[in-house]
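Peer 1: Assemble the whole structure, with the sequences as input and the hints as a guide.
Same order as they appear, the protein sequences are chains A and B.
The first sequence begins at 7 in the numbering used here and counts up by one.
The second sequence begins at 453 in the numbering used here and counts up by one.
Honestly, I wouldn't trust all of these hints.
[Unchecked claim] Incomplete in silico selection of chain B near chain A, CB under 10 Å:
hint : residue
1    : 508
2    : 512
3    : 532
4    : 534
5    : 537
6    : 545
7    : 601
[As the list claims (entries may be wrong)] The calculated label-pair distances, taken between Cβ atoms and stated as ranges, are:
hint : chain 1 : residue 1 : chain 2 : residue 2 : range
8    : A       : 274       : B       : 587       : 24 to 32 Å
9    : A       : 113       : B       : 481       : 53 to 61 Å
10   : A       : 91        : B       : 609       : 34 to 42 Å
11   : B       : 473       : A       : 108       : 28 to 36 Å
[What the hints assert, rightly or not] Per the computed footprint, the stretches of chain B lying under chain A, defined by three or more beta-carbons under 8 Å from a beta-carbon of chain A, are:
hint : region
12   : 485-491
13   : 521-531
Since the hints were derived computationally from the structure, they do not count as laboratory data.
Don't be surprised by glycine CBs; every beta carbon is placed ideally from N, CA and C.
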Amino acid sequence: MIGWLLAAPALAVLALAFVWPMAGLFRISLNRTTETGAMETALTTESYAKLLGDDFIRELVWNTLLLAGSSAAIAVALALPVALMVRAASPRWRGPLALMAIAPLLVSGTARLIGWMAILGDNGLINAVLMGLGLRDTPYPLINNWTGVRIGLVESLMPYAVLVLIAGLGRLDPRLEEAAATLGAGRVRTFLRVTLPLAAPALLAAWLLALVLGISAFITPRLMGGGRVFVLATEIYDLALEYVDWPAASALAMLLLGGLVLLMLLRGALARLGGRRA
Amino acid sequence: MSEAAPHLRLERLSRHYAGAPAPAVDAISLDLPRGALLALLGPSGCGKTTTLRMIAGLERPDGGRILVGGQDVTALPPHRRQMGVVFQSYALFPHMTAAGNTAFGLEMRGLGRAERARRARAALEMVGLGALAGRRPRALSGGQQQRVALARALAIEPELLLLDEPLSALDAKLREGVRDEIRALQQRLGTTTVFVTHDQTEALAMADLVAVMNAGRVEQLAAPEEVFERPATRFVATFVGRAARLQGVLEPGGVLRCGGLALRSATDLAPGPAEAYLRPHRVRLLAPAEAPPPGFDNLLDATLARRVYTGEVIALETETAAGPVMAELHAGADEAWRGLAPGAPLRLAFRPADLAVFPAP
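Peer 2: So this is what it looks like as structure tokens:
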């Protein structure tokens with residue numbers, strides 16, 4: 007009872023700032039867009055039907071999943087050595103190392119992306135070095151394309167993957183690796199036969215979180231894609247502000263939200279499964 | 453190799469953790485013959501587990517050498533040392549079955565699938581778990597997990613078996629049975645074994661040799677009876693078993709002047725301030741007119757202060773002119789003795805050799 011009371015302010019904010027607007031958004035998604043582009047109050051699923059039947063939207067879903075899935079996988083693969091290093095560090099260094107790994111979160115995402123532009127752009131650091139050394143005559147396109155978006159996304163997802171992996175690996179008893187060593191397993195075989203299988207649930211949890219964050223990412227595709235990379239999040243923005251088709255934008259937002267909720271439920275189910283097995 | 457050559461030899465083995473005021477292990481040297489079981493006994497923080505981990509290669513010594521069968525293994529990583537280790541928490545691989553755990557070390561040695569399965573099964577049968585080979589550790593009881601850990605360590609036919617408090621996680625009732633099983637198995641296989649424990653009963657019951665450790669040093673290395681009956685240091689006298697402490701001044705001829713009494717001892721210590729330890733089971737209670745048996749040259753008049761019934765023995769705490777002295781009665785003693793109440797006068801006798809005398813600290 008006291009728990010509910012203490013949670014009441016947060017719940018009120020959540021209701022006011024999330025549930026209420028979401029309900030409004032859902033209501034708009036049921037409105038109709040007339041031939042002239044004006045919004046007409048109605049109760050119809052026309053916008054949903056239109057979106058689900060649209061080949062371009064289907065391509066966007068595929069592109070978004072591919073981008074977020076691959077970026078999440080790369081981010082988790084890069085985060086694993088970092089998390090293993092934090093775990094292996096002495097207790098005194100564990101805190102500072104973990105803080106360093108998640109330090110990018112302390113900097114605004116937009117500022118970090120502008121930094122990436124300075125590095126990856128046609129006149130940026132990398133191309134300047136490549137051309138200065140005579141390795142290339144023309145700049146290598148690292149920005150305003152899928153590569154640029156993927157680089158930006160991997161970098162922004164990594165701190166989250168590191169956090170999830172540190173928490174997950176923390177429950178892994180180092181005695182197990184010592185036992186493997188005394189039984190004759192060298193470092194590589196200990197990693198492949200003991201550490202990696204036992205870290206699998208944590209890796210999956212980290213990937214799913216990064217996937218969800220990657221799917222809903224907006225600023226990175228917008229800035230690093232230079233208007234040439236289209237994903238669901240940018241499409242919602244375009245529908246709302248370029249085409250001023252609010253019902254369609256709302257419907258797409260609702261569909262995306264539904265998909266993300268499904269993924270989070272899957273993550274919870276997998277976590278429970280992992281908890282029972284470990 | 454001759455019978456006398458040690459199978460395990462530690463030479464001035466040391467470990468000093470950065471930032472710690474004193475070394476965890478301070479220049480330990482000891483020899484262990486092939487097939488023997490050594491118990492490292494001591495309070496927590498005495499360095500016994502660090503010593504075991506250095507032997508296993510899991511901890512790097514700061515100084516000294518470890519020799520196994522005459523070979524210096526100090527620089528070898530753990531996976532090349534042939535040590536079977538049973539961890540306190542067992543450290544079974546949760547994603548493998550009992551058979552998979554037991555076969556792991558054999559797989560690492562490159563044995564074929566059939567040979568691995570055969571030897572893993574044999575090892576599990578040896579610890580009485582052949583029927584549970586297909587179970588994951590989670591589906592096994594604590595005692596069964598302990599046996600799998602033992603089978604896994606023995607399956608590789610190790611040079612040394614290293615046990616880190618292997619009984620501490622078991623129920624008190626199970627502990628004694630498992631203790632005797634481990635000892636019987638170890639003797640049958642003839643595996644040289646090092647066993648870490650803080651439980652003196654475990655150490656005394658299982659070991660061929662007991663190393664009593666304190667503050668990173670070995671205080672005494674001897675057979676269990678020797679450690680218990682003839683403690684080499686004040687620490688051993690107090691840590692292993694119970695003993696009354698009598699403080700006084702040692703005079704020439706081994707006479708301890710103590711509370712106005714002259715107690716005879718067998719020590720050859722130089723005269724000076726001293727203290728003596730007297731174990732309760734060495735103290736003989738005399739009936740009012742009873743003459744002390746031959747050799748019981750020390751006689752004390754005492755008053756019973758407290759009587760503690762512990763089941764098998766009745767512990768008696770008495771006051772004497774020399775200080776508090778402990779005695780004990782077997783629970784099967786005569787009614788007249790068992791009925792003693794606090795305040796009752798007693799006559800105590802003990803032999804000079806029963807006093808373990810050390811210079812005063």
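Peer 1: Against this structure, judge whether each hint is valid.
Peer 2: These are the hints, each one checked on the structure:
1. Using the Cβ-Cβ criterion of 10 Å, the hint placing residue 508 of chain B at the interface with chain A is satisfied: the shortest such distance is roughly 6 Å.
2. At a threshold of 10 Å, the smallest CB-CB gap from residue 512 of chain B to chain A is about 13 Å, leaving the interface hint violated.
3. Interface hint status for residue 532 of chain B: upheld, as the beta-carbon distance to the closest one in chain A is roughly 8 Å, under 10 Å.
4. Contact between residue 534 of chain B and chain A, as hinted, is supported at the beta carbon level, the nearest pair being about 8 Å apart and thus within 10 Å.
5. Below 10 Å, beta-carbon pairs count as interface contacts, and residue 537 of chain B has one with chain A at about 4 Å; its hint therefore holds.
6. Below 10 Å, beta-carbon pairs count as interface contacts, and residue 545 of chain B has one with chain A at about 6 Å; its hint therefore holds.
7. At its closest, the beta carbon of residue 601 of chain B sits 8 Å from a beta carbon of chain A; the interface hint therefore holds under the 10 Å criterion.
8. The given range of 24 to 32 Å is respected by residue 274 of chain A and residue 587 of chain B, whose C-beta atoms sit roughly 28 Å from each other.
9. In this structure the supplied range 53 to 61 Å holds for residue 113 of chain A paired with residue 481 of chain B, their Cβ-Cβ distance being about 57 Å.
10. Under the hint 34 to 42 Å, the C-beta atoms of residue 91 of chain A and residue 609 of chain B, about 36 Å apart, fit the expected range.
11. As the Cβ distance of residue 473 of chain B to residue 108 of chain A is approximately 35 Å, the hint placing it in 28 to 36 Å holds.
12. Counting residues of the region 485-491 of chain B whose beta carbon lies closer than 8 Å to any beta carbon of chain A gives 0, which falls below the threshold of three, so the coverage claim is violated.
13. With 3 residues carrying a beta carbon less than 8 Å from a beta carbon of chain A, the region 521-531 of chain B meets the three-residue requirement, and the given coverage holds.
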